[in-house]
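Engineer: What follows is each chain in one-letter form.
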Amino acid sequence: MVPVADRISGAEGHGRYRALVLRRLVLIGGLCVALFLSVAVDMALGPANYALSDVFRALFQPAAVSDQLRVIIWDIRMPIALMAVTVGASLSVAGAQMQTILANPLASPFTLGISAAAGFGAALALVGGIAVFPVATQFMVPVNAFLMAMLAALFIHFASTMRGVTVETIVLLGIALVFTFNALLALLQYLASEQALAAVVFWTMGSLTKATWPKVCITTAVLAVALPLFARRAWALTALRLGEDKAASFGINVRRLRLETMMMVSLLAAIPVSFVGTIGFVGLVGPHIARMLVGEDQRFFLPASVICGALLLSATSVVSKTLIPGAVLPIGIITALVGVPFFFALIFTHRRRSW
Amino acid sequence: MVGLVLEGLGARYGKRVVLSGVDTGLLSGGGMTAVIGPNAAGKSTLFKRIAGLISGPGVVHLCDTAEGKDTICYMPQDTGANAVLTVYESVLLASKQGSGWKVQDSELHEIDRILAALKIDDLAFRSLGELSGGQRQLVSIAQALVRKPEILLMDELTSALDLFRQVEVLGFMKDLAARSNMAVMIALHDLNHALRYCDNTIVIANGTMIASGPTSDVITQELLRDVYRVDARIENCSQGRPVIIVDGSLT
Ligand SMILES: Nc1ncnc2c1ncn2[C@@H]1O[C@H](COP(=O)(O)OP(=O)(O)OP(=O)(O)O)[C@@H](O)[C@H]1O
Ligand SMILES: [Mg+2]
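Respectively, the protein sequence lines represent chains A and B. Residue 318 in the numbering used here is what sits at position 318 of the first sequence, and the numbering runs on without skipping anything. Residue 214 in the numbering used here is what sits at position 214 of the second sequence, and the numbering runs on without skipping anything.
These are computed hints drawn from the structure, not numbers from a lab. C-beta: ideal position from N, C-alpha, C; glycine also. Misleading hints may appear alongside valid ones.
As the list claims (entries may be wrong) - Pair ranges (Cβ atoms, derived):
#1 H189/B with V33/A: 44 to 50 Å
#2 D226/B with F158/A: 45 to 51 Å
#3 V340/A with G21/B: 56 to 62 Å
#4 S99/B with F158/A: 53 to 59 Å
#5 Q195/A with K15/B: 46 to 52 Å
#6 E222/B with R232/A: 53 to 59 Å
#7 T180/A with G14/B: 28 to 34 Å
#8 R23/A with I54/B: 38 to 44 Å
#9 V17/B with F158/A: 38 to 44 Å
Said to hold, decoys possible - Some chain B residues well away from chain A (every beta-carbon gap over 12 Å; in silico):
#10 G3
#11 G30
#12 G52
#13 M75
#14 N82
#15 T86
#16 A94
#17 Q97
#18 D105
#19 I111
#20 A124
#21 V139
#22 A144
#23 D199
#24 T220
#25 E222
Claimed, not checked - Facing chain B, from chain A, some residues (calculated, C-beta under 10 Å):
#26 R16
#27 D75
#28 P79
#29 I252
#30 G280
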């Protein structure tokens with residue numbers, strides 16, 4: 001017979017579950033507040049530093065502040081701050097769903113070669129002036145980067161639908177893509193003029209400084225399409241983490257779910273990279289942090305990944321402005337420097353399994 | 001009466017035919033059917049075919065089942081999962097497939113009830129990755145039960161369980177099948193369990209059906225010799241139940 005004490009705790013299962021859900025909601029709420037503050041600080045910092053109160057006034061009572069402050073906050077700093085948010089969110093969600101559908105903790109836009117492909121596409125435009133698809137010169141870099149990223153994502157995708165290809169093979173293929181595109185990139189850099197070389201290096205380090213409102217709108221639009229689609233499939237995506245057979249036994253069309261998710265993920269990964277260059281770390285670590293905080297029920301994991309990624313990149317943007325006064329360091333460098341210690345701290349202080 | 005009849009059922013993976021010629025009489029609700037056979041015979045394949053997860057010739061006739069998504073529920077053999085989910089969440093997940101985000105109290109109470117019935121309520125908030133093999137199997141059973149199927153296919157139901165749990169789970173399932181008029185098919189390796197708990201037995205070997213019918217007619221000394229290649233006797237124990245006594249393997 002099972003002891004009485006266990007019986008009683010069992011009867012309270014639903015209560016404990018409700019408490020667990022509440023704790024997660026509070027955590028997600030806290031992350032939201034942190035993100036909001038980080039964005040505000042991000043906008044306060046720059047060649048001229050403002051007090052947070054000025055930033056809030058410019059945000060909520062634009063008529064009450066000077067024209068200069070309004071222009072700096074709304075037209076110059078806000079696109080950059082919001083670009084950090086949308087790019088971080090996109091990459092993190094892309095990584096989260098790649099990890100989910102490929103059942104692999106190493107999957108991310110960066111590790112599967114999508115970022116490397118984008119880097120190669122950008123370098124083609126910067127070094128050789130070669131357009132993969134004929135467009136006006138000022139769009140050549142992002143369009144090239146996007147097309148190459150999409151190509152890599154589609155390659156990964158179609159490889160994953162081939163018979164006999166396992167999720168482990170996919171990760172191997174991704175790593176092969178990383179090496180291939182990095183080698184091609186190195187070749188271009190070797191051949192490039194000094195000026196083009198500098199441009200390529202700057203691009204591959206990733207930078208938010210070229211953010212504009214239209215770019216922010218495009219990344220937001222992709223998120224606005226992808227997130228509801230993922231949300232609708234929340235239970236199915238979570239079930240996928242119980243294994244393919246188990247998911248199929250729940251009546252889920254695993255193949256189709258993988259295909260649709262991979263298509264959305266490709267967009268989510270390719271578009272930000274084409275605008276801001278290579279920002280590697282967020283797509284891998286954002287979802288891991290979210291998973292450690294709220295687990296893998298996608299109803300919580302999905303929003304938590306969005307916010308963790310956004311917060312990570314926004315905080316990085318703040319650090320990139322403050323580390324060397326007067327200089328804005330390329331954000332791709334800082335992501336790892338900020339993210340790694342934080343990530344280590346989480347891993348080592350966290351008792352529960354994280355994958 | 002809920003039930004199913006298999007007619008000329010077969011299955012293939014790609015072009016390779018791994019199962020053919022499975023014909024049965026009515027496997028009716030309220031009882032359990034054992035599917036037995038050596039390793040790689042095609043037992044799991046048969047279950048996947050019945051559940052519609054793979055294709056092949058033949059038909060599965062369903063009798064008197066209500067129109068709904070969860071007529072047939074298949075519990076796969078492999079239960080290894082490293083998801084960062086608690087036992088409770090993983091069972092909730094099974095019951096919520098295809099529905100919205102909102103979780104009703106009644107759904108949670110149902111999960112409490114099933115976990116208590118399987119005596120794994122003390123594991124409810126442990127994470128899946130920390131469970132032992134047998135505990136995982138019990139969770140897998142909970143995930144199948146919470147879906148309330150009319151026809152339940154359980155692959156290797158007891159292979160990871162200790163003796164006490166085997167007897168308990170099989171007794172529980174037999175009881176449940178009778179109470180809720182559910183047709184339960186289980187793939188088994190322990191033929192004594194088949195003799196004890198299952199009304200009907202289907203024997204699969206080398207991808208074909210060897211025999212099907214009432215368990216005591218199907219499991220015979222000849223079957224043990226031909227299919228399992230063991231030298232064995234089937235004798236009645238002091239309580240009058242048939243038991244298999246294995247004397248050795250035949251080469
Ligand atoms: N996904 C697959 N692709 C190709 N062949 C498969 C696949 N799964 C199983 N098989 C083959 O089908 C045959 C039957 O396998 P199945 O899993 O049905 O055996 P089983 O009777 O359940 O065995 P066990 O008692 O070991 O669980 C085996 O020869 C196996 O190699
Ligand atoms: Mg099997």
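Engineer: Now tell me, hint by hint, if it's right for this structure.
Structural biologist: Hint check results:
1. H189/B with V33/A: 44 to 50 Å: Cβ of H189/B to Cβ of V33/A: about 56 Å, so the range 44 to 50 Å is violated.
2. D226/B with F158/A: 45 to 51 Å: holds (47 Å)
3. V340/A with G21/B: 56 to 62 Å: Once the Cβ atoms are compared, 60 Å apart, the range 56 to 62 Å for G21/B and V340/A holds.
4. S99/B with F158/A: 53 to 59 Å: violated (32 Å)
5. Q195/A with K15/B: 46 to 52 Å: Cβ of Q195/A to Cβ of K15/B: about 58 Å, so the range 46 to 52 Å is violated.
6. E222/B with R232/A: 53 to 59 Å: holds (55 Å)
7. T180/A with G14/B: 28 to 34 Å: holds (30 Å)
8. R23/A with I54/B: 38 to 44 Å: Since the Cβ atoms of R23/A and I54/B sit about 41 Å apart, the hinted range of 38 to 44 Å holds.
9. V17/B with F158/A: 38 to 44 Å: violated (28 Å)
10. G3: holds (21 Å)
11. G30: holds (23 Å)
12. G52: About 9 Å separates G52/B from the closest Cβ of chain A, which leaves it inside 12 Å; violated.
13. M75: violated (7 Å)
14. N82: Non-interface label fails for N82/B: nearest chain A Cβ at 6 Å, not farther than 12 Å.
15. T86: It is violated; T86/B is separated from chain A by about 7 Å at its closest Cβ, not greater than 12 Å.
16. A94: violated (6 Å)
17. Q97: violated (5 Å)
18. D105: violated (7 Å)
19. I111: violated (7 Å)
20. A124: violated (5 Å)
21. V139: Label violated. Min Cβ-Cβ 10 Å, cutoff 12 Å.
22. A144: It is violated; A144/B is separated from chain A by about 8 Å at its closest Cβ, not greater than 12 Å.
23. D199: It holds; D199/B is separated from chain A by about 24 Å at its closest Cβ, greater than 12 Å.
24. T220: Consistent with the label, T220/B stays out of reach of chain A, its closest Cβ about 33 Å off (over 12 Å).
25. E222: holds (34 Å)
26. R16: holds (6 Å)
27. D75: violated (38 Å)
28. P79: violated (33 Å)
29. I252: OK, holds: I252/A within 10 Å of chain B, min 7 Å.
30. G280: Result: violated, 23 Å to nearest chain B Cβ.
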